[in-house]
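*Asks:* Spelled out, the chains give:
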Amino acid sequence: MSRTNSIRVGALAVLAVIVATDIGVRTNWLGSPRSSPGDGRNSPTTLIEQPQSPPRIQFQDVTAERGIEFTHVVAQPEGFYFPDIMSAGCGLFDLNCDGRLDVLLLNGSQSPPHRLATPQSTAPAGHRLYRQEADGRFTDVTAASGLGGTDYGVGVAIADINNDGHPDVYMTTVGEDQLYLNRRNGTFENITQAAGIANPLWGTSASFVDFDRDGWLDLFVANYVDYHASRKCVNRHGREDYCHPGQFEPTCHKLYRNLTGESLQGSARAGDRQVRFEDVSLRAGIVTQRGPGLGVHCADFNADGWPDIYVANDSEANFLWINQRDGTFRDEAVIRGVATDGQGQPQSSMGVVFDDLNDDGLSDIFLTHFRGEPHTMYRQVTPDGLFADQTVPAGLFDATFHSTGFGVVAVDLEHDGDLDLAVANGHVKQEDGSPPAAMTSTATTSILFASAYQEQNEIFVNDGKGRFHKELSPSCGFRSPREVSRGLACGDINGDGALDLLVSNAGGPARLCLNTTASRGHWLLVRAVEPRLGGRDAYGAQVTVKAGGRRWVRVINSTFSYLSASDPRAHFGLGAVETVDSIEVRWPDGSHERFPGGAVDRSLELSHGTGLTP
Amino acid sequence: MKRCLALAVLLVLGIGLWLARRPNEMRGPVVRLDTLPAPVAEVLRDAEAGVRQDPRSAAAWGHWGMVLMAHDMPVEAITCLQQAEQLEPLATRSSTARGSQPFRWAYYQGMCLALSDPAAALACFQRAAEFEGVPPVVRLELAERLLTFQRLDEAEVQLKDPDVPQDGSRGDLARGRLAFLRGDFATSGHWLKRVIGSTPKNRDARQLLSQVLLRLEDPAGAAEHSRLCQELGSQRAAWDDPFMNAVVALCRSPSQLLSHAEEMVAQDNYPAAAETLRRVLELAPDQPDVLVQLGFALMKQGDQPAAAASLRAALALNPAHAEAHYYLGSLQMQEEKWAEAVASLQQAVQFKPDYAAAHHNLGTCLIRLNKPTAACTALLAAVRAEPDSTASHLSLAELLIANGQPAEAARHLEAVRRLAPADPRLNALLAKVKSAADKGPSGR
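Chains as they are written, first to last, in this note's numbering: chain S, 300 to 913; chain F, 1085 to 1528.
Hint data in this document are derived by calculation from the structure and do not stem from the laboratory. The C-beta atom is built at its ideal place from N, Cα and C for all residues, glycine as well. Possibly wrong hints are sitting among the right ones.
With the Cβ distance kept under 7 Å, some of the chain F side facing chain S (calculated, not the full set) [unchecked claim]:
1. Leu-1199
2. Phe-1233
3. Leu-1298
4. Ala-1499
Simulated pairs of lysine to aspartate or glutamate, EDC-like, Cα-Cα distance not exceeding 16 Å [what the hints assert, rightly or not]:
5. Lys-1277(F) <-> Asp-1251(F)
6. Lys-728(S) <-> Asp-1156(F)
7. Lys-845(S) <-> Glu-892(S)
8. Lys-845(S) <-> Glu-883(S)
9. Lys-1384(F) <-> Glu-1419(F)
10. Lys-845(S) <-> Asp-880(S)
11. Lys-531(S) <-> Asp-1370(F)
12. Lys-531(S) <-> Glu-1346(F)
13. Lys-1516(F) <-> Glu-1482(F)
Here are the simulated distance ranges between beta carbons [as the list claims (entries may be wrong)]:
14. Ala-1506(F) <-> Val-680(S): 36 to 42 Å
15. Arg-483(S) <-> Lys-1421(F): 54 to 60 Å
16. Thr-1271(F) <-> Thr-681(S): 16 to 22 Å
Turn these sequences into a full structure, and let the hints steer you where they fit.
*Replies:* Laid out in structure tokens, this is it:
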């Protein structure tokens, strides 16, 4: 071979090596692509956050500047006391009927009801009530209010139980639940025993609902599991961690019928000491099924005019108690397609909302779940309450797979006419297996929770067609700080027509988040009241706003989400619409009324009996 | 000359191919063995040694990946399984000939990713199913994943593959689900009824069938299947998967062995559960919970002395263990040592005040000790914590009748009538209540 030829052969060979190697790298011979398992998702480059356009949704954390200083205390972080990782809720309500929303925050306890073998936290505990003043700041009025108990608080439900126009408070606890009557002077009286309430189980979410349509709000309480504090659970590294609910037996839920009206001989208002409930769980059929209940949403799921009860169960099939209109309920979650996900898999259901998420006039169910299970969106496919798992078409399958969701609210954050979702996240397992530091104070408790269980809260923005995409807001836990969020309540805290959020964190500070989204559309905030029933909010009333050729349907309700109570008023984002054509209300007693429309960007109060009968 | 050139090119292409096939990075995952239980660390060390011994062995890498999977380390496992997939000999890559299972590594990667990245997991299952002659379990897994993503036509292709049996329950359930998602409820019902015909306890099939029947305007049938679902509880059909069984068999983790023991207890297989629990205690001694579970399993086997010893050992480690006190009380009840049982059960309810079963047993013991008032208190506490306890309501009713309180007894019998109307003791006690009521207050 000549020298020239040798060079040519050599060059060709080098080229061939390069080509062959390149082909091999790219194609992985014989059809087995050598992609990473995540198809790029797990590659290092995807760990770098891509530059984004500025988020449309903005929240501002005003907790400290508005005067709220609250840190949730866990009973025993080093002992992995199960209730610590599941608690606690929060409430937004107008305690003194001054038109401004006040804040109730539930706390853990230094003395949980289970005897614990190891020392407990010495951090201060107790629930906190903050009253909003005219300047928007909050004053801690716990001491005089009667709501500052040091029992182990879990969830809260708020409604006017004696039809005096003032909201009363029910707290679920690990141990005996508590019922507080609003004395109409800024204080509350504990009437638990006198009112016939007795729930010794680990209560979670509760909801007031007039299930028998007698004008008096009854009470549903979800209970979780029969917890044994002495039982210890370990993670994959053999180290102790919080237990899975499957380690314990699920418990029965409670339904209490409000008997107050029966002793009043026709009067629709009650005095302070006449409130009375009866445990009808057995008679109503509620105790025929046990489930580890967490979230509750009471609404008319089958459009028959009677309120039903949906219970989100943790790792077991959910319940949909359909009201049989005779004081009894039947669980129809399975046949209506809302017991499990579309694959028949029971999910770790935590928070729940029932709202029209795809703007078709029918309310849909959205449930938050454990990391590794997508949250589920059940779309209502027939107007009488049949549902189908539409998580994938809604764009929520991949988007919700990587976080553990608890509280959830469906609100139109930018007033563009469709409902968005805000989800409070926080894990329940130590994913990295790192052992927690020893705990001696609240500060170290926060460190444990922040390091081991923290997650980012999330906002899912609706594109108007029922498809959602995740959007980050730079503050208030929606990007940072990461916390162990649990409760989530919504309401218009500063009176600007936009719904704001209250977030409660396990072992961390509560956060008051004002919706400061810059470009918002028009809005309407509707309070529907029952003058005949003391002027209380008409829980269960369905409000339909017609404007600009569209219609929006919302329901007056306070309790959904997870362990939390929200402002019950119906909020409507109207987009560019500048005049409302009409407002229709289907009242809880089944009657319909139409009210005139008018200007947008205002709060209005509709009284039962003052509208036109259609 | 041309021949030389061609040979050189072929040679170089060969080298290129070899280089191409060589894994980019031969390093395995870094696992901190010092944080793991010793038996787990040992089996992982052995698996890693296998790779060091033969770094070009797909089987060695795959085994390491499987061991990592068995100990719940999916991220680390994927690294090994990727290497195994790339090192699989050319001859075995295109098919499952000669008993090889080259698809396994992609399949296992899919399983590892299933809980963290379902879309990536789907891609792995698709890659596994590209091999000719893959076992049905791979295609069925892929079909189910495709149904989750509502990629119905692709799922149908897998279900119609000649290798997938057309008469298996798992395939039938997937076909039923496919038809349901397409809105073809009659066809869906056909497949689902076939599943229930061969596996009547399949909750998933009954659940979907109840939805189908409601849409086919058969509400009674829908309600019946819904009721049967509730009876079946949350148990789901676990399809046999030999590939995942092979992974589970590699497990040496005490916590995971404990999970297996719990499953055995749930299946009433107490001897196997006791054996497994003893293994757990050998690996990780002095665990009160495990000792309590062992005590329970031994009690169920009828080995009361060993059960008592295990429970007492648990209490020595944790005197506040309510369940240990409860089971010890149960053992003492079996031996009719009522006073001792009362002491144990009182400890149980002291440490767990809402312990319904302990309150119930306490009430039973106090009846035996002829202390009706205290027994009534205990049984009331039991029904308060567990209002659906038929046994507590019945005991309470019996006690109240004997104590001349028929009206109160009737309330508890009404609860039984709602909870368990077919209970054989109900009618007899109702007759006693009626008799007592007929006698009036003087009958007290």
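*Asks:* Look at each hint and say if it fits the structure.
*Replies:* For each hint, the structure was consulted:
1. Leu-1199: This hint holds: Leu-1199(F) lies near chain S, its Cβ roughly 4 Å from the closest one there, short of 7 Å.
2. Phe-1233: Where the cut-off is 7 Å and the nearest Cβ of chain S is about 6 Å from Phe-1233(F), the hint holds.
3. Leu-1298: 5 Å, holds
4. Ala-1499: Holds - the Cβ of Ala-1499(F) comes within 7 Å of chain S, reaching about 5 Å at its closest.
5. Lys-1277(F) <-> Asp-1251(F): 12 Å, holds
6. Lys-728(S) <-> Asp-1156(F): 14 Å, holds
7. Lys-845(S) <-> Glu-892(S): 14 Å, holds
8. Lys-845(S) <-> Glu-883(S): Holds, at roughly 8 Å.
9. Lys-1384(F) <-> Glu-1419(F): 14 Å, holds
10. Lys-845(S) <-> Asp-880(S): 5 Å, holds
11. Lys-531(S) <-> Asp-1370(F): Measuring from Cα to Cα gives roughly 13 Å; hence the hint holds.
12. Lys-531(S) <-> Glu-1346(F): 14 Å, holds
13. Lys-1516(F) <-> Glu-1482(F): 9 Å, holds
14. Ala-1506(F) <-> Val-680(S): 36 to 42 Å: Between Ala-1506(F) and Val-680(S), where Cβ atoms are some 38 Å apart, the hint holds.
15. Arg-483(S) <-> Lys-1421(F): 54 to 60 Å: Given a distance of about 58 Å, which is inside 54 to 60 Å, the answer is holds.
16. Thr-1271(F) <-> Thr-681(S): 16 to 22 Å: 20 Å, holds
This entry satisfies every hint, going by the numbered hints stated previously.
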